[in-house]
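Residue numbers (our numbering), protein chains in the order written: chain A, 903 to 1246; chain B, 903 to 1246; chain C, 903 to 1246.
Just so you know, these hints were derived from the structure itself, not from any lab.
Among the clues, some could well be false.
Which copy? The list can't say, so a pair holds if one copy fits it or any two copies do.
[To be verified] Computed cross-link-like contacts, DSSO-like style, restricted to lysine-lysine with a CA-CA straight-line distance of at most 27 Å:
hint, residue 1, residue 2
1, 947, 1210
2, 1029, 1094
3, 1094, 1032
4, 1094, 947
5, 947, 1221
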Amino acid sequence: MAATLRDLAELVGGTVVGNPEVCIRRVASIDAGGEGDITFVSNPKYLPRLHECSAAAIIVTSAVQAPGRNLLIAANPYLAFAKIQAFLQGPMPAPQGILPGVHVHPGAVLAEGITVHPGCVIGDGAKIGKGTILYPGVVVYDNVVIGEDCIVHSGVVVREGCRIGNRVVLQPSAIIGSDGFGFAPDGERYFKIPQVGIVVIEDDVEIGAATCIDRAALGVTRIRQGVKIDNLVQIAHNVEIGENTLIVSQVGIAGSSRVGRHCTLGGQSGIAGHLTVGDNVMIAGRGGVSNNVGDNQVLSGLPAIPHKTWLKAAMTFAKLPEMRKELHQLKKKLAEIAMQGKEN
Amino acid sequence: MAATLRDLAELVGGTVVGNPEVCIRRVASIDAGGEGDITFVSNPKYLPRLHECSAAAIIVTSAVQAPGRNLLIAANPYLAFAKIQAFLQGPMPAPQGILPGVHVHPGAVLAEGITVHPGCVIGDGAKIGKGTILYPGVVVYDNVVIGEDCIVHSGVVVREGCRIGNRVVLQPSAIIGSDGFGFAPDGERYFKIPQVGIVVIEDDVEIGAATCIDRAALGVTRIRQGVKIDNLVQIAHNVEIGENTLIVSQVGIAGSSRVGRHCTLGGQSGIAGHLTVGDNVMIAGRGGVSNNVGDNQVLSGLPAIPHKTWLKAAMTFAKLPEMRKELHQLKKKLAEIAMQGKEN
Amino acid sequence: MAATLRDLAELVGGTVVGNPEVCIRRVASIDAGGEGDITFVSNPKYLPRLHECSAAAIIVTSAVQAPGRNLLIAANPYLAFAKIQAFLQGPMPAPQGILPGVHVHPGAVLAEGITVHPGCVIGDGAKIGKGTILYPGVVVYDNVVIGEDCIVHSGVVVREGCRIGNRVVLQPSAIIGSDGFGFAPDGERYFKIPQVGIVVIEDDVEIGAATCIDRAALGVTRIRQGVKIDNLVQIAHNVEIGENTLIVSQVGIAGSSRVGRHCTLGGQSGIAGHLTVGDNVMIAGRGGVSNNVGDNQVLSGLPAIPHKTWLKAAMTFAKLPEMRKELHQLKKKLAEIAMQGKEN
């Protein structure tokens, strides 16, 4: 796709400074831009690079001036860039239907306008909505429901009865509906608790590569609308993730915990089981939550404490051996002084 | 399946208080129970909810009284619940044989009474026992042995020569027998050590989704009877896990370490290489074991120390900056006092 | 394969002490060796076991004496062992071509002398070099390039446009080219940044099982020559890993960070986004890097600090509660002394 800068400005609700007729075909990073390219500057620290940039147009905020350049002024340059990039990519490819080498159970119901690549297997009672693409080798167990305009990459497995909304993206080898980790002690041995619940993934969710979302023991593990989950994340049985929460790579959330809306869980962080985390909470990378958390908190460390407190403590940590030595010296001196006091 | 409360009591070695003829068809959580449902109360903190519960029957210990309710009295209500749930689910579905779209090497030996779904590939010399189910897209390399009544979910890969016992459950995309991470330095470069050992998984083991168990460099990586492993766990080459040990999600165990019987390794914990961990050891979530551990220890932190010691230290951690300031003030005051002493 | 000890010494540039005609067929561990076996002793702590060892020959350094034994003297016994093992395994199996049950797009270009097992799917414009083996169920998206003599295990997914060099090994379910985790805030919601870059994996790289390497947002995520990555590792978009760096299991590297040459990143360690890590850096297991790192550093802890500093501080950590108590006592005593001073 190609468009004039004027059309792109209209698309993102921005304005043009410079030549509105310049033709844009691609997005580029600030270093790599050339003719037909549009780039953006969002972080002020990259502003000095503006002069070296040779892109045909640059998306900036109204605070930026660059005489002689074609600028697209937008309130949020990064968001405008993303929207322009999505537009220039053009629509999804035309649906190809059920390609050869697919195994669809006669009891499955596939909408018109879908694409199912070779090597996919779709079970009895499964339903897949229009516009959805299944890349090669996706397995959909019995009675799964997948909505419209979803993108399901190779190696994804969706186990029996799980329900996936519209416009959901599943990166390669995401696993939806694996058994929760539930075992009842029986002497030294463990007896498996049948995991008969499901996973519900609402609209506009993205799930990363090799991320595992376990089915509920009973009931539902629920990923609410707009949640974005990175790669290699573990979501245990009966967890609930609130709307528009971001979960970065390698996070683990233990069973039955509930995370609120619009939270950010940093990479490699963890949340213990049976906890409630409020809305707009940020957990720093590697943070370990072991208690309930109220709204609007920023936490770090294990166990997680307020981020600023943790940061000061973590900076002092390296001084611990020195502090211990000083403490010994003080004790010794104090004992000497006390001794002298007595002698006096 | 359905059964009278009397029959279920007999199944789990319990007794009935109330109507033994009530018909039970399903299990339910304590909130959700209705006619035909059985639920349980194991944790005393849920006892107050008993009055609001409308399940047809409730599994409790003999300590609980609830006049007018149908009770199943059991020594271990949670275990009884799990056994009743397994019973009510009914037997495994009837075997379906080798379904279309499966590639079986003529040198493979498949028992009667198995189910192999479309997209599975089974190599030369592989043996699969009766009652085992391979869901779509499982890959079994050459000379693998899989026992009886196993459940192998989609995306599982079992590499050459590995041996899996009976009643083993492999969740989606579990990887058995990937190469261990072994490289010999050769100047700045690394030369791959061929990984020619195997993985042996004994009876009644469960392996979580996307969990990786590396084959031994030489010899065997061994997962002993009754071990239960959660999702996204890394077990390196030549590791040995003792009977009935539980390993929670995202744990990593480095090469050649041995973990004892009936241990619990908490989520995101780790064990360094070439260590021995005793029996009945508990490692808390995120614990990092860097030394050998005797039997019956409970450890936390990095490096892992006794859990109670760690807990107290972790609670003091946030006070570190305050402690450092106090230490400076004390030093200053002490210097003043010493000065005054000299002046006197 | 079999060889005389003389031939093997020649292969690895070593010398024989004892009988150069002894025939060697297999490698073995020092405990398990017998007739036809060769083993090695690299770590001096295993030298006492030499007397119990019954292997036909033993690889040692020139410092070791063992009268009556057949020794292969090598500068680096571990490396010599690895090379001998690779030699005794013999060459790769003869290529089998495109086996039944493979879906190759007519626009793909497959070299002579490759092996593609059942269940593989190869997209339009993909190119695969000679000698490469694709095990069952590998998915290669459109326009992927895979070089010569690669080994690609089952469940691997290589997404569109990614480029893989020669002699690369991809363990089962490694995922190359999944979307980076990039979203622009749009009020409370997030708008997906199209991830249109690629992954380039250079020659002689190994990627572990279920490891995820995200495609760049724009440009390239690059894994340079000779890098070895273990299982379940996360490499985010636009990361660059320098030559011959080792990355142990469950490491996470956030977006746009650059790691130098010949580094070692220990298990479960992490590197935050937009950082530069120098050459020959070692990050200990679970280390968390949150600042740029110069060359030749050895770091531990979160945030990562010099390993020796961290080690001392970590050893003092358990003393924190005791230190706090002592601090209170000192304060109290000092106040008493100050009071006495005033009273005097």
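How the hints compare with the structure:
For the identical chains of this complex, residue 947 and residue 1210 are intra-copy neighbours only, at 25 Å inside a copy versus 35 Å across copies, given an alpha-carbon limit of 27 Å. Taking the closest pair of Cα atoms, residue 1029 and residue 1094 come within 27 Å of each other only across two copies (26 Å); inside a single copy the shortest separation is 30 Å, beyond that limit. With identical chains, the CA atoms of residue 1094 and residue 1032 are at most 27 Å apart between copies only, with a shortest distance of 21 Å across copies and 38 Å within one. In the homo-oligomer, the alpha carbons of residue 1094 and residue 947 lie at most 27 Å apart only across protomers (23 Å), although the nearest pairing inside one protomer, at 55 Å, exceeds that limit.
In the homo-oligomer, the alpha carbons of residue 947 and residue 1221 never lie at most 27 Å apart, since the shortest distance is 33 Å inside one protomer and 36 Å across protomers.
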